[in-house]
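**Q** Using the sequences and the hints, build the whole thing.
Under the UniProt record's numbering, residues 1 to 485 are what the sequence shown spells out, in order.
Among these hints, one or two may not hold up.
As the list claims (entries may be wrong) - Estimated spans, in silico, between C-beta atoms of each pair:
#	residue 1	residue 2	range
1	Y84	K17	29 to 39 Å
2	F347	T195	53 to 63 Å
3	D317	A454	20 to 30 Å
I should point out that these hints are in silico values taken from the structure, not numbers from a laboratory. Beta carbons: idealized from backbone N, C-alpha and C, even for Gly.
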Amino acid sequence: MRQDDEETPLLQQPIVKTPLPWDQFWIILFLQFPDSLVFQTLAPFTPQLIRDIGVTNGNESQVGHYVGILQSSYYTAQALTILYWSQLSDHIGRKPLILTALFAIAASMFSFGLSRTFVGLVISRILCGAFNGSNGIVKSMVMDITDTTNLPKAFGYMPLPWMLGAIVGPLIGGSLSRPADRFPEIFGRSELLKTYPYLLPCVVPAIFASAAWLVTYSRFRESVSTRAPPLRLIKGWLLQQSDPNFPMPSNNASTSSAEANSAGVLLRPLPLRASLTPRVLTVTASYVAMAVFYMAFNSILPLFYATPIELGGLSLDPPLIGAILSVSGIAHGAFQLLFYARLHDHFGAGAIHTTGVSSGIPIVVLFPVINALARVQGMSLAVWLCVAAQHVLTTSLMMCNPCLALFIRAAAPNRASLGATNGIAQMVAAGARMIAPASATSVFSYSMQEGHDAWLVYYFLMVIAFLAISTSLLLPRDPSVWKNC
Numbered sequence: 001m002r003q004d005d006e007e008t009p010l011l012q013q014p015i016v017k018t019p020l021p022w023d024q025f026w027i028i029l030f031l032q033f034p035d036s037l038v039f040q041t042l043a044p045f046t047p048q049l050i051r052d053i054g055v056t057n058g059n060e061s062q063v064g065h066y067v068g069i070l071q072s073s074y075y076t077a078q079a080l081t082i083l084y085w086s087q088l089s090d091h092i093g094r095k096p097l098i099l100t101a102l103f104a105i106a107a108s109m110f111s112f113g114l115s116r117t118f119v120g121l122v123i124s125r126i127l128c129g130a131f132n133g134s135n136g137i138v139k140s141m142v143m144d145i146t147d148t149t150n151l152p153k154a155f156g157y158m159p160l161p162w163m164l165g166a167i168v169g170p171l172i173g174g175s176l177s178r179p180a181d182r183f184p185e186i187f188g189r190s191e192l193l194k195t196y197p198y199l200l201p202c203v204v205p206a207i208f209a210s211a212a213w214l215v216t217y218s219r220f221r222e223s224v225s226t227r228a229p230p231l232r233l234i235k236g237w238l239l240q241q242s243d244p245n246f247p248m249p250s251n252n253a254s255t256s257s258a259e260a261n262s263a264g265v266l267l268r269p270l271p272l273r274a275s276l277t278p279r280v281l282t283v284t285a286s287y288v289a290m291a292v293f294y295m296a297f298n299s300i301l302p303l304f305y306a307t308p309i310e311l312g313g314l315s316l317d318p319p320l321i322g323a324i325l326s327v328s329g330i331a332h333g334a335f336q337l338l339f340y341a342r343l344h345d346h347f348g349a350g351a352i353h354t355t356g357v358s359s360g361i362p363i364v365v366l367f368p369v370i371n372a373l374a375r376v377q378g379m380s381l382a383v384w385l386c387v388a389a390q391h392v393l394t395t396s397l398m399m400c401n402p403c404l405a406l407f408i409r410a411a412a413p414n415r416a417s418l419g420a421t422n423g424i425a426q427m428v429a430a431g432a433r434m435i436a437p438a439s440a441t442s443v444f445s446y447s448m449q450e451g452h453d454a455w456l457v458y459y460f461l462m463v464i465a466f467l468a469i470s471t472s473l474l475l476p477r478d479p480s481v482w483k484n485c
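**A** Here it is in structure tokens:
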């Protein structure tokens, strides 16, 4: 009994959680803000922009189709490049590629605001997607500076910049679009803003991206310890082409030979094929299914709000759409910030993720219910309560992102391959995202046309929701089961 008493306190010792490294973590949060601001700023006025440039020739049912093409162009370019950016970050570091991404955001937003044709808009989004590999790299940066004890808390803060973007972005996009018409006493004399009525809301994210570039360049310390100088990496790549057995240089020059021999392959980023383990493929499948549903829902939501009631929507104008999305963004981000870490400790990432994707079923069902109520009662209290209920359910869906990030980290073959592992998941998810907006909005436009089933788009979303639920069941309750690094 005495021996048991001596051992019991040792078994019940609580895990000491490492404090977050705020001197670097706040920079990671800040550099995400321009990326979130871009998406939230464009969403409220994109349908009206499509109408103004005349690409639909006045056919209202085609607006959703072109909005989907515009959204998918970004993800198409990102899907083709994000894996290479993520792999490269394992070798030369995260900082140079984050600086490239921030520059691409600023330049592409200026180009978007100055475009007067649909082709020009698409080219602007393609350039942004091709050079913006920040989605996967930022997650790798967080994993670099944290450990298993404080990573859930860190991901609890990750929606903060997106919450701020969801607050500010829709207000910017909804209020500053066509400023010469909305505020003639202030901007009525500006020929530039009359010629380019959507330039002003695009300038704001570009300014924030420039500020984030300066902060990252001057204050952020490189988080990868296995990086190699770019010239050395290029030389090693050329030698590898002539001799496939020649190893790629990856360890830091400051690493001693004794450390290199003792650490071995653990300090070296693995080849892509070696990173495609069953665990990585499993979490990637779940991540893709969730991303397809989320992007399809996110694409249809503002389109549903902007579509006339008689065609299946709610007939809301851009400022009101922006206000609704802003309030929703505040609620989602605040809930995750306050409660995600506690829910993770109590239920585990697997249970939270499964619950989140399961909420997609009632979210889809509420679309036709809201429109049916609006047709009968107009914009009554019942309609607004259903709109609010839909956004409350979306809060659960939003918490799938940090859960999957924890599974991705646990599935990585080693710490030096975090970038490649994130890149694999982000590449496949970006490929799914480039299909989801265009397909969802096209199905929505098709279902609005006379003689077609108005519920077709909701059947489409329901199938995706059930697919996401099925893949979520392949994940364990806790990522620690997959712990490798």
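**Q** All hints are to be evaluated individually against the structure, with a verdict given for each.
**A** How the hints compare with the structure:
1. Restraint check, Y84 to K17: a C-beta distance of roughly 35 Å satisfies the suggested window 29 to 39 Å.
2. For F347 and T195, the Cβ-Cβ distance of about 54 Å falls inside the hinted range of 53 to 63 Å, so the restraint holds.
3. At about 23 Å, the beta-carbon gap between D317 and A454 stays in the expected band of 20 to 30 Å.
Of the numbered hints stated above, none is contradicted by the structure.
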